[in-house]
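Asker: Residue-level listing of the chains:
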Amino acid sequence: MRIYVLYGFGILLCLSGVGYLAAAYVKYLSEPGKLTCLILATAMFALLGKYFESRGW
Amino acid sequence: MAAKRGKNLYLYLTLACFVGIIAIFIVDGYFGLYDTLYVTAQEHEQEIEADYWQQAWVKEEGYGIGAEWGEPVYFRYEIDNRTFSTYSADVEASLWKSGEEVVGLLDESISVASFGEATVDWAVRAEELEGAGFAVGEYSVQIRHGEVERKIVLSYYYPEEVPPQPVPRR
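In order, the protein sequence lines correspond to chains A and B. Once you know that position 12 of the first sequence is 12 in this note's numbering, the rest is easy, because the numbers rise by one and skip nothing. Once you know that position 124 of the second sequence is 181 in this note's numbering, the rest is easy, because the numbers rise by one and skip nothing.
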């Protein structure tokens with residue numbers, strides 16, 4: 001059980017780190033670049049969901 | 058085996074999207090209009106790259122340069138057009154003091170071809186400023202073309218008077 005708490009803590013740290021970097025660097029992107037990134041990020045999460053669904057989660 | 062590959066297809070597509078996002082950051086960072094300013098004062102050339110102007114506080118503060126009163130300060134301004142269309146604009150450079158324009162340094166029309174570069178240069182001479190009644194102090198050099206605006210703070214100071222060293226006796 002303790003190991004899952006550590007996993008969760010690690011995942012949260014990773015997500016916050018990626019979120020901070022994305023917020024810091026996304027302002028330098030052009031408007032079409034931001035839009036394409038948004039579409040790709042949405043597709044990435046949707047496909048990740050489908051992957052976990054296919055694995056029976 | 059085929060079923061496993063089908064299951065992993067979503068994972069591969071997810072990774073492809075992630076790689077796509079990274080690629081956009083790289084490609085988007087390359088394309089655009091970039092300007093680099095080279096300033097030579099006191100025999101030292103300083104390079105101010107396009108990235109420097111992206112910082113929020115730079116617009117108000119500008120880039121500070123010190124120069125001795127009496128020595129010319131040379132500016133070389135490079136515009137790198139990394140777009141698919143030709144960039145045409147009037148490049149203007151002027152010297153300002155206390156919110157008033159002292160002298161126009163450059164007014165030149167440029168046309169930069171797609172993925173091409175253009176360079177303009179000018180100089181600020183203290184003798185001309187002295188002739189117009191200006192003295193040692195802080196001036197700002199403003200560069201404008203299209204929507205781009207750059208500010209350089211030029212601080213003049215008197216050259217240090219170093220007493221001659223005594224020659225050792227033999």
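Among these hints, one or two may not hold up.
Pairs of lysine-lysine residues, derived as BS3-like cross-links and limited to a Cα-Cα distance of at most 25 Å, are as follows [what the hints assert, rightly or not]:
#1 B:K154 / A:K34
#2 B:K154 / B:K116
#3 B:K154 / A:K50
#4 B:K154 / B:K208
#5 B:K208 / B:K116
#6 B:K154 / A:K27
Chain A regions said to be covered by chain B (calculated; three or more residues, Cβ under 8 Å) [said to hold, decoys possible]:
#7 4–14
#8 19–31
#9 34–44
Hints were generated in silico from the structure; no laboratory data involved. Note that this is a predicted model, so its numbers are computed, not measured. A virtual CB, placed ideally from N, CA and C, is assigned to each residue, including glycine.
Asker: Take the hints in turn and mark each one as holding or not.
Answerer: Evaluated hints:
Among the hinted pairs, K154 (chain B) with K34 (chain A) is inconsistent with the structure: their alpha-carbon atoms are about 40 Å apart, more than 25 Å. Note on K154 (chain B) and K116 (chain B): the hinted pairing holds, with a Cα-Cα distance of about 17 Å set against a maximum of 25 Å. With a C-alpha separation of about 63 Å, the suggested pairing of K154 (chain B) with K50 (chain A) is violated against the 25 Å cut-off. Our distance criterion of 25 Å between C-alpha atoms is met by K154 (chain B) and K208 (chain B), whose separation comes to about 12 Å.
Only pairs whose Cα atoms come within 25 Å are accepted, and K208 (chain B) paired with K116 (chain B) is accepted, the gap being roughly 7 Å. Distance hint between K154 (chain B) and K27 (chain A) is unfulfilled; the C-alpha atoms sit about 33 Å from each other, more than 25 Å. Counting residues of the segment 4–14 of chain A whose beta carbon lies closer than 8 Å to any beta carbon of chain B gives 0, which falls short of the minimum of three for the stated coverage. Residue count for the segment 19–31 of chain A with a Cβ under 8 Å from a Cβ of chain B: 4. That meets the three needed, and the coverage hint holds.
Beta-carbon proximity to chain B at under 8 Å applies to 6 residues in the segment 34–44 of chain A; the threshold of 3 is reached and the given coverage holds.
When each numbered hint is compared with the structure, violations occur for hints 1, 3, 6 and 7.
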